[in-house]
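Residue numbers (the UniProt record's numbering), protein chains in the order written: chain C, 1 to 412; chain Y, 1 to 267.
There's no promise every hint is true.
Unchecked claim - Pairwise CB distance ranges (calculated):
hint, chain 1, residue 1, chain 2, residue 2, range
1, C, Arg111, Y, Leu239, 57 to 67 Å
2, C, Gly81, Y, Arg83, 52 to 62 Å
3, Y, Gly75, C, Glu151, 24 to 34 Å
4, C, Arg111, Y, Ala13, 48 to 58 Å
5, Y, Gly108, C, Thr330, 19 to 29 Å
6, C, Gly41, Y, Asn264, 44 to 54 Å
I should point out that these hints are in silico values taken from the structure, not numbers from a laboratory.
Backbone N, C-alpha and C define an ideal beta-carbon position, used for all residues, glycine too.
Listed below are the residues making up each chain.
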Amino acid sequence: MSADALAPLAGPQPDSAGHFGRFGGRFVPEALVAALDELDGAWRTAMADESFRAEFGGLLRDYAGTPSLLYEARRFSAKVGARVLLKREDLNHTGAHKVRNVLGQALLTKRMGKTRVIAETGAGQHGVATATAAALFDLECVVYMGQVDTERQALNVARMRMLGATVVPVTNGSRTLKDAMNEAMRDWVANVDETHYLIGTAAGPHPFPAMVRDFVRGIGDEARQQCLDLTGALPDAVTACVGGGSNALGIFHAFVGDGDVRLYGFEAGGDGVATGRHAASITGGSAGVLHGTRTYVLQDADGQTLESHSISAGLDYPGVGPEHAWLHDTGRASYLPVTDDEAMAAFELLCRTEGIIPAIESAHALAGTVTLAPKLAAELGREPTIVVNLSGRGDKDVHTAGDYFGILDKEQ
Amino acid sequence: MSRIGVAFDKARADGRALLVGCMPAGFPTVEGSIAAMTAMVEAGVDVIEVEIPYSDPVMDGPVIQKASDIALAGGVRTADTLRIIEAVAATGAPVVTMTYWNPVERYGVDVFARDLAAAGGTGLITPDLIPDEADEWLAASDAHGLDRTFLVSPSSTDARLAMTVEHCRGFVYATAVMGVTGARARTSDAAPTLVSRVRAVTDLPVGVGLGVGTGAQAGTVAGYADGVIVGSALIRCLLDAPSEAEGLAALRTLSAELAEGVRNPTR
């Protein structure tokens, strides 16, 4: 990882108030504006500071284990009909791309002189990453997690507690990620002086979407160079799963200016978008305001947020980062739904062909790639090269997957 | 001058603060909320703040969220809220609406403003809409003659406070504490300072909310503010009651205590 991962914002988006076209911005209680301004200032100053960039780059290299590998998955490729290159973010410390974001934000927390971080988590991956960074930087850490998710991700709850974090099960609303985010916002409003809200994805009020993107954009910078080194050319397509969308933005960002590289975000289609039981905010939602930003939201005719559904706790969120909403509107990226069943079929395929157990989130990107490959091959008249962001590993999902495949021994 | 402004002026002339009582629309039912708000007016609440129930009320504490959840589970719609506002406005008390932004945007900002004005509403309190993002609402509220109440906070800088107040009409809502709604054991030390900072930049009346739950606390806040805003404590009367009748009785008792409080400011 070079310090270039923190090069100044590329392009005109967002504007200075955090708008990506008609999306983004700040829809927050006035009480939070001062903290958001402070964060915006600290982030911009830090990005321009060589010592910050060097410290961040050093942590990514020596602690997180990046650059992550770009691995050519030959047996998976043969099944799919495309040259599939996996960006192995699952090999990072804590097992996902999320460690990049938390290290950046934890460094900023220190710079702002704050002593406490709070976070929300769905699958627990961001909670584990936050608890990890908090331990490393000696910060108090409180993680809000929907009660439903604490049950389906018990192992990650234990991990967070081992790392010294307090995990607070949220019993409001649907008791999933969205409600955990509400609770974290409330905590922040009440404790903003000493607390940084370490948001886990490229969503929320400005500057979070742009800041988180810039902390994870190393994924794409690395992958772009690695692909050139490996194949001598840019890929035909880059794919990633999209919940809030931080891993997708991270890998997309370096390719946005490469007009020939197609960008695909695969949303959690749950039981199928037509059934209403899904978490596909762009495919099945509409423009609205949720959690401090204007973006695509699952909502009813009155603007009440609808409950999302996905087999993946990490994608089970009724909104999406505003930059994705903008990339969708401008047509630069395509967003398509992947059902639970399709994701789990791809999950199994990767396990059996490559000996890699992916996070169920990442299995959505794999499933989308399986569907995309023959279409792209037909269109291009040759075997396409597709870079897939394998955003996380599946250890945390073993129980869910075991349950899905019916391979858990219930007697034990 | 807006109807709220007239009410504040009258209270000021009487040497007292205005009591604003908040209740989610449709809690516990549409008819039940009309009965509750009417009871509050009869017991001495000057202004009724009707909150549109919302699925993700980040500025609210557990009491208001629970009441909102009950209203939403009962199927209350934005259209019902407008009907409730119309019924409560018929009591003669000014009605101000508190709403998170998404329900308004979804309804259509200008259409909502038109329908709210037609229902007799005086304006909106917008906890998650700051003037920076409010162009559409500024235009719609101008077009339909509605008040705009944005929040100011102890953490607002002088520049933001001046900018926010500049965009307010009717009254300014000063959040007394850094935190969410909900009655607290003691009121805030930050509130008097915040109110004096607002007074330095505007003649608009200042209402103070967050944390007030007793007549004595209302009296304390009335000592330095033009309006005392109470929500959670009033809502709890209905939430905690074993029956609707007992809930309404408790609501009347607390409303009267608070009304007495704002008439006896502690200075």
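Right, here's what the structure says about each hint:
1. Between Arg111 of chain C and Leu239 of chain Y the Cβ separation comes to about 44 Å, which falls outside the hinted range of 57 to 67 Å.
2. Judged by the Cβ atoms, the range 52 to 62 Å given for Gly81 of chain C and Arg83 of chain Y holds: they are separated by roughly 59 Å.
3. A hinted range of 24 to 34 Å holds for the C-beta pair Gly75 of chain Y and Glu151 of chain C, which are about 29 Å apart.
4. Between Arg111 of chain C and Ala13 of chain Y the C-beta distance comes to about 52 Å, which sits within the given range of 48 to 58 Å.
5. In this structure, Gly108 of chain Y and Thr330 of chain C meet the distance hint of 19 to 29 Å, their C-beta atoms being roughly 25 Å apart.
6. Separation of Gly41 of chain C from Asn264 of chain Y is about 45 Å and conforms to the stated range, judged on CB atoms against 44 to 54 Å.
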